[in-house]
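Student: Could you slot chain D onto chain P? The hints should help.
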Amino acid sequence: MKKTIALHVWAFCSALLLTCALQAQTKTIVVKGRVTGQNGELIPGVSVTVKGTSDKGVTTQPDGSFQITVPAASTLLLSYVGYIRKEVNTGNGDQNLNIQLVANKNELDQVIVIGYGTRKKSDVTGAITSISQQAIQDVPAANLSQALQGQGAGIDIQKSGGNSKPGQSPNILIRGTRSVKAGNSPLFVIDGIPFSGSINDINQDDVASVEVLKDASSTAIYGSRGANGVILVTTKRGRTNQKPTITYSTYAGVTKSLGEYPLMNGEQYLQLKKWANYLGNPGTYTSIDDPKILTKAFAPEELQGIAMGRNTDWQKLVYKNGVTTDHQLGLSGGTENTQYALGAGFYSEGGVYPGQSFTRYTLKLSVDQQLGKYVKVGLSSLNTYSTTKGENANPMGQALRASPLASPYDTTGALINSYVPGSANQVWNPLANFLPGAAVETRNRIGTFSTFYLEATLAKGLKYRFNGGAEIRSDVYGNFYARNSTNNLGVASSAANENTLSTSYTLENLLTYDKTIADKHKINFTGLYSYQSFTPQYTAFSYTGLLSDQAQYYNPALGANYQGKGTLNPWAIISYMGRVNYGYNDKYLLTLTMRSDGSSRLAPGNKYHIFPSAAVAWNVMKEPFFNNVSNVSSLRLRASYGSVGNPAIDPYQTLGSLTTQVYNYGSTVTTGLYPNSVPNPSLDWEYTSTANIGVDFGFFQNRISGSIEAYHSYTKSMIMPVTLPGTSGIPNQILTNIGKSENKGIEVHISTVNIQSRSAHGVTWTSDFNFFINRGELTQLLPSINTTLDGKPADIQNKWFVGQPIGSFYDYQRTGIWQANSKDSAAAKALGQTVTGTKSVIGQAKLADRNGNNTIDAGDQYVVGSSQPKWEGGTTQRIAYRNFDFTVVAFARVGGMISSTLFGGGFTNTLQANYNNVNVAYWTPNNPTNDWPKANSAQTNPSNLSTFGYFSGSFLKIRSLTLGYNIPAQYVNKIGMRSIRVYATARDPFILFSPYRNKYHGIDPETAGTLGVDTPANWSMVFGLNVSL
Amino acid sequence: MKYNVIKKTYIWIAIALGAPALVFSPGCSKKLDENPQSVLTPAFFSTAQGFQSGLDAAYGGMRNLWGTENLFTTTCIGTDEFITGNDGTGNNINYYSSGYNPGDGKLNTLWNSCYTFINTCNGLMDNGPDIKGIDETKKNAMIAEAKFLRANYYFVLVQFWGNITLNKHFQSTPTTAAQRDSRADVYNFIIQDLKDAIAGLPASPLATGVLPGKANAAAARHILSKVYLARAGSPAAQASDYQDAYNMATGLISSSASLGLGLLTDFGSVYQEGNEMNTESLWTIQHTTNIPYNGPNNSSGTDNVLVHMWVPKYETFVLGMQRDIVNGRPYIRAIPTRWLTDTAFKDKSNDTRFNKTFQTVWYCNNAAGIPKWPSPVPAGVDPTLAGKPRFTLGDTACYMPGVNMTDAQIAATRYLLMPPRTYNIQMAPYMRKYVDTKRADMNSPSVRPVIVWTLSETYLVAAEAAYMLNKIPETVALINTIRTRAAYPNGNVANMQISAADLSLDFILDERSRELCGQMVRWWDLVRTHTAGVSNLLVRVRLHNTDGMNNIRAKDTLRPIPQSQMNSVTSGPAYGPMGDPLWN
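Top to bottom, those sequences are chains P and D.
The first sequence maps to residues 1 to 1029 in this note's numbering.
The second sequence maps to residues 1030 to 1613 in this note's numbering.
Misleading hints may appear alongside valid ones.
Said to hold, decoys possible - Mimicking DSSO-like on lysine-lysine, the simulated pairs with C-alpha atoms at most 27 Å apart in a straight line are: (1) LYS829/P x LYS1135/D; (2) LYS296/P x LYS1401/D; (3) LYS56/P x LYS243/P; (4) LYS792/P x LYS716/P; (5) LYS744/P x LYS792/P; (6) LYS999/P x LYS256/P; (7) LYS1060/D x LYS565/P; (8) LYS1401/D x LYS292/P; (9) LYS520/P x LYS587/P; (10) LYS1224/D x LYS1197/D; (11) LYS829/P x LYS1584/D; (12) LYS622/P x LYS51/P; (13) LYS515/P x LYS622/P; (14) LYS292/P x LYS1417/D; (15) LYS799/P x LYS740/P; (16) LYS1135/D x LYS799/P; (17) LYS373/P x LYS522/P; (18) LYS460/P x LYS121/P; (19) LYS744/P x LYS716/P; (20) LYS296/P x LYS1417/D; (21) LYS587/P x LYS460/P.
Everything labelled a hint here was simulated from the structure, so no lab data went into it.
Looking at chain P on its own, in the form it has when it is part of the complex (with noise of 0.2 Å):
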């Protein structure tokens, strides 16, 4: 009975399947959907096909969406230019598909812009790194510096000094440093004009794309300015024959410290203190607990402390969290005829210090308008309005160093605004600064950059165009310190205005003409003049005594004691440029460029020079040998080498200077002059010679894709600030062109498609990677120097030595610290060393004799290492599953060395307990480490302090996790909307793999330059929704 059940049940299902299977065979379904970029980006214009069939299939609308009838159960293809192609299986049923498509970042027929003009990248000669408006929005950056941070190989990204406070830029380095005076800056070019404001001045929402040409060949177009690298940025405009598209995105999040300076807790310094006053004053105690250490060295209300166990922790008090909010609207559209864009920006940034803040308006505007068939023009402007707090604020001097065992407030609870008790009358209640109107620093930048173009055919492929740009800035800057600050310490308060007006115009005219011969031969011709201009008015004053708080920075007439300056330090840029595109066949391209440049800023008769390059490129694709490898999608090499200089110093610097010396006689007073600087009329460019070769390759139909360059750059007549000799009378540093320079280096960009589902709802992940290794040396230095480091010249009293990189540490080798032994004294005194008495080097840093004169002297220095990593990298993690997708952003970079400020400078570390210390295992005849020296009150700073800053550099950042989540169409369309998405972000959540942290405790090891000790690094948390109507 049971058999005869199951065998009609079997019989009943096979029938069905069948049948369903029959009806596949001829069904047709209505396929609707929906195809987006990863970030939920609508994209119109993709071709949707069946594959395996000759039917041309549709196209998506404006809002990406796309309807088709098909087979059931067939195979959707998807391809787009710019995207990695893509397979969709249907099911049998009609249905509404979500697809993404991944972004192809070496899709040869994308086309790019370029010095003066866009090219399609197979065509492009040099070694250009483009980054995506994707890429750019993975990361809620402050500004488009920080966005660019680890996104490209090559560009190294670094916080300035280490310098995290709101409205701070990095420093960007691209392919490292080759310049010590004349600036190691990269030219940013936007909408084809030099920028010359802040990077802060740019709403990276507004940007649609950024270039960054590097080798010698890309960047010799922009002749003078080229020699760092050049950025070039283009922002949003409208597209042709779009509707009017409104987008809405906005954020906001909590930016809290990445930590807490390592100090010491109320018994550490208790402990230190007693050390550092038995140890300071030899024979005055009898040891550390002899209680006249405690009448003697502290102050009652610290005695206080301790009896009551206080630990007041200072950072606590000051750090709080900041609260970072950013709205962007953009209204987008276009006819045939005439396109437009607007972009509304917003932007504010609290710091983690309650003085610092950064805010942003931003008003975007951008119409191209066809006149006629012949003529177009366009126009495009970025306003821009910042305020910017507390930029100078640095409470750590009195957070860092105020005594843990004193309070903040009195015995009624009031605020003590005055000298922390216990901190030798140095430190200043940090809370002060709190009270309203005590501590005011602001400054207001509002400019505009405005950019317009008229575009010309004159004759079939001649075209004429003229580019005009205007960038108008002022910048008001004010500040206001009352008496009782940190700032002023109970003497008169302070307050400063600082105006900055500045003006810049570029005026171009561009010639091109194109011409295919026989179809084989392509001919472009780039034929340009410019001129750019650059007027800054800077004048600033300050005084002292305000008769009242209230006037703030507002009214100098109710301050006392006036100080004024002023500068107005214009230059000057005019050039001829020519460029030649030569491609055969596709498959070889030529490229010839050669500029002159004019500059201002050089002494007559050096003022003009031609920077000349060529590059070459072999399509190994076109290749007919190449027909038949089915794996590799495409295979590029190029070549190239050029030369471009760098003026970029500051105007006047040929001439010589007076500055000012005040006197009086009796109450007759004078201002008088004397010579600081002489005049260097022999003052030329610096020039940079630049060999790079580059393979593009894509393997699978571009699922692994990327590139390799190797190059090696010169860099001659460098622009050096040599320190004359005492006895020259010349106090000031003396631009001369002395010295050679060299770089090379080896970068690589790999993009992989790891996992690319072929259904709607799989998972897709993809990866960039990138990884770039420079090394930089001074080679050479002028003949006439003949001082010498280990053999090779070197100019110690600059610190330039030849075969290491420019900006390397030099100092002492300590190897430990002297012990209290008599193997150890008798060694010191062998080497000079004071042995006895308050200036005793036991327990001080003891530094190794290199010279081997038996005596330490400055002889013994020697390069302890440099700033320069030995590698970096960065990479950019997408997965994407259904409406979900996350992605990660990392970036590298190991092994160079930093200088912290924390340990080896400053007041953070001097042991001498007057105040607070960072906590390190210090020196005692009881602990007789070698890591640190010893406490000691009398002693403002360890010998040798610096020999203790040295770390390793590296660490491993993870700049942002952000999960987002597209609505689903059906959803979003009920309510009218295009798309919506929602996400949120950690920004900056951990650093890893760092020594400086992980074992010393620092906070954040990056750091452009010495790590200097300001308001910690901090990491955020943000909420975001995008919109699109």
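Tutor: Same frame as chain P, but now just chain D:
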């Protein structure tokens, strides 16, 4: 047809917009010329106005020396007179320890400042003949001033460093080479400058029309006598030096009355605040209450900070005291040696100078801090006072009697009683020559002029030269003039007189301490003089300076050439020892 019209229109628009750029720009060669407006270039130096401002700057440069911590540290501490106070321990110079080396920033600053303003003076002298628009007489007077200033800068250099670079002309091109010239050449150059200055300067600081702080012939004569004396004590000594020094100093003394100059009656009024332009003061470095003109940033290396250097930690060490403007800002870079307070100033009754030089009593200015008698009270104190305040506002809070006291006496005294054995690096007699109550704030630097030389030093220079020339009666007479004045008003003048039997070079050095301690001269006095062929710096530091007595080495009689000077001479021969093998 219509289409062509439109096309043409647009081309014209293009040209109209593009043309201005084309038209304006080719004539742009001028656009690349630099015409600085906010900075002045050395060319301005050769105008009449620039000439005057260069001279003003050369005077202003003196603020880098007198009044700064740098010159204070290198001339006052590390001698027999002063050792390091509690807050000066970061220094190595005055300990002569191994941490004291050519890298020392204070020495570097002094060195560089002197050469910078020597170059300024050289510019004045080189440009002088070509300058139009200044009356010749006035121009010559200005050049005499520049020579006076240049001689002063060189004199500081040669006394510290011996064989040094001698720049006689303006430096108009950058050079990384330098050579050392012999101290003999430097001394000759200084002497010639001063002779020229004496000829061209107004005779006296008090002559009509001479502004305070201006160079004058009296000051030039004084320094020239010191230059001869210094050279006489150096390896470049000339046979005539002591005689020349003697002639120059006694010449100034004998003509002083006619110049309106003369010793003041009271030693105490020489350094009295507000009295810096007195008949005894030969030259001052000026400061002003007009803050923007007092120093570039009012906290920089050109401020007069002598007011802070000796201020003890009275506010923490003495109960019942708080910081105020009269008692000063506790900086305590130096305290007197016990030799100075107890031996040199042994006689504190007939010789009034100790009490006019040092503050030894502090009056309570903080009622809240007044201590209470313990219970029970110490022996000898009224038992009813137990638990009551020991003194009241305005009473003595601390006193240094200068003689020893027992522990019982100390305990029974209501205020803090500090006999010499209790002097310490936080609290010791306070040098009051630089007290300044007119400063903007109790933490502000001084607005008082610094008195560089007084006529009383001329007497001591003359005495030292006379003694070296074996003119004993003249020496005794010169010293007794000073000592007679020192007794004013209550001392016994007769007890202050010395005879030939009392006289020795040591006595003269001790007398200089009594008269001039705390002036920026001591280190030079000691290196200039010798005992049995050994520099008195070595002799006396080993005897009296507890900081440096175990460390000082023969090479310490010269300062090390700054490391940055040696390092930055990168072309030509190295900046070598040049016969001064002691340091470099």
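Student: All hints are to be evaluated individually against the structure, with a verdict given for each.
Tutor: Evaluation of the provided hints:
The hinted pair formed by LYS829/P and LYS1135/D meets the criterion: a straight-line CA distance of about 26 Å does not exceed 27 Å. Proximity of LYS296/P to LYS1401/D is assessed by CA-CA distance (about 18 Å); at most 27 Å being required, the pair is judged to hold. Restraint check for LYS56/P and LYS243/P: satisfied, since their Cα atoms lie roughly 24 Å apart, inside the 27 Å limit. Between LYS792/P and LYS716/P the alpha-carbon distance is near 18 Å, which keeps this suggested pair within the 27 Å criterion.
Between LYS744/P and LYS792/P the CA atoms are separated by roughly 20 Å; this keeps the pair inside 27 Å, and the hint holds. In summary, the hint linking LYS999/P to LYS256/P is supported, as the alpha carbons are separated by about 22 Å, within the 27 Å threshold. The suggested pairing of LYS1060/D with LYS565/P holds, with an alpha-carbon distance near 26 Å, which does not exceed 27 Å. Between LYS1401/D and LYS292/P, the direct Cα distance comes to roughly 19 Å. Compliance with the 27 Å bound is thereby established for this hinted pair.
For the given pair, LYS520/P sits about 9 Å from LYS587/P by alpha-carbon distance, which is consistent with the 27 Å threshold. Of the pairs offered as hints, the one joining LYS1224/D and LYS1197/D holds, with about 16 Å between alpha carbons and a cut-off of 27 Å not exceeded. A C-alpha spacing of about 17 Å is found between LYS829/P and LYS1584/D, which places the hinted pair at or below 27 Å, so the restraint holds. A hinted pair counts as satisfied when its Cα atoms are at most 27 Å apart, and LYS622/P with LYS51/P qualifies at roughly 26 Å.
Restraint check for LYS515/P and LYS622/P: the C-alpha separation of about 21 Å stays at or below 27 Å, so the hint holds. The hinted pair formed by LYS292/P and LYS1417/D meets the criterion: a straight-line CA distance of about 24 Å does not exceed 27 Å. Under the criterion of a C-alpha separation no larger than 27 Å, the hint pairing LYS799/P with LYS740/P is consistent with the structure, at around 15 Å. For the suggested pair LYS1135/D and LYS799/P, the alpha carbons sit about 21 Å apart, so the restraint of at most 27 Å is met.
Distance hint between LYS373/P and LYS522/P is fulfilled; the C-alpha atoms sit about 24 Å from each other, no more than 27 Å. For the proposed pair LYS460/P and LYS121/P, the alpha carbon gap of about 24 Å is at most 27 Å, so the pair holds. Taking the CA atoms of LYS744/P and LYS716/P, the gap is about 15 Å. The hint holds against a cut of 27 Å. In summary, the hint linking LYS296/P to LYS1417/D is supported, as the alpha carbons are separated by about 23 Å, within the 27 Å threshold.
For the given pair, LYS587/P sits about 24 Å from LYS460/P by alpha-carbon distance, which is consistent with the 27 Å threshold.
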